[in-house]
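K.L.:
Residue strings, one per chain:
Number of protein chains: 2
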Amino acid sequence: MCESNVYLKKDNKEELIMENVAAISPIGNDTFILKGLLGESMEVKAIIEDINLMGHKIILKAL
Amino acid sequence: MCESNVYLKKDNKEELIMENVAAISPIGNDTFILKGLLGESMEVKAIIEDINLMGHKIILKAL
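Just so you know, the protein sequences line up as chains A and B, in that order. Per full-length UniProt numbering, residue 1 is the first one in the first sequence, and the count goes up by one each step. Per full-length UniProt numbering, residue 1 is the first one in the second sequence, and the count goes up by one each step.
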């Protein structure tokens, strides 16, 4: 399975905000919707800081 | 393995620009560097259009 954990970086600290994320899509400017394996979703105001597919880790930077 | 194929969307057509991408990082504004499994890299001026981790497909939109 290739889902990732998504972290939100704020004040230089990374917080795990969602596990097993299956898809990420932008909605509007600087907002992303994260979609989980089980159909759950979360909206985050942030920009992409890093996508590490091999490490299953995606870091968003809070705005 | 969880690397993805990266497509660049231009004039509503999607073109495969890199296979087996291991990581994607922004460098500056609206520019991303794609890093491949074998150490290869590619710079693309684009924004994120969609990240489908389960489908191993990432779509960037050309600027």
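FYI, nobody ran anything at the bench for these hints, they're computed from the structure. Quick caveat: nothing in here was measured; it's all calculated off a predicted structure. Quick reminder that beta carbons are idealized off the backbone N, C-alpha and C, glycines included. One thing to keep in mind: the hints can contain errors.
Covered stretches of chain A, going by a simulated chain B footprint (3 or more residues, C-beta under 8 Å) [what the hints assert, rightly or not]:
no.	region
1	2-8
2	18-31
3	40-54
K.L.:
Work down the list of hints and note, for each, if the structure agrees.
P.N.:
Here is how each hint holds up against the structure:
1. Requiring three or more residues with a Cβ within less than 8 Å of a Cβ of chain B, the coverage given for the region 2-8 of chain A holds, as 3 such residues are present.
2. For the region 18-31 of chain A, the stated coverage by chain B holds: 6 residues have a C-beta nearer than 8 Å to a C-beta of that chain, and at least 3 were required.
3. Beta-carbon proximity to chain B at under 8 Å applies to 8 residues in the region 40-54 of chain A; the threshold of 3 is reached and the given coverage holds.
Against the hints set out earlier in the document, no violation occurs for any number.
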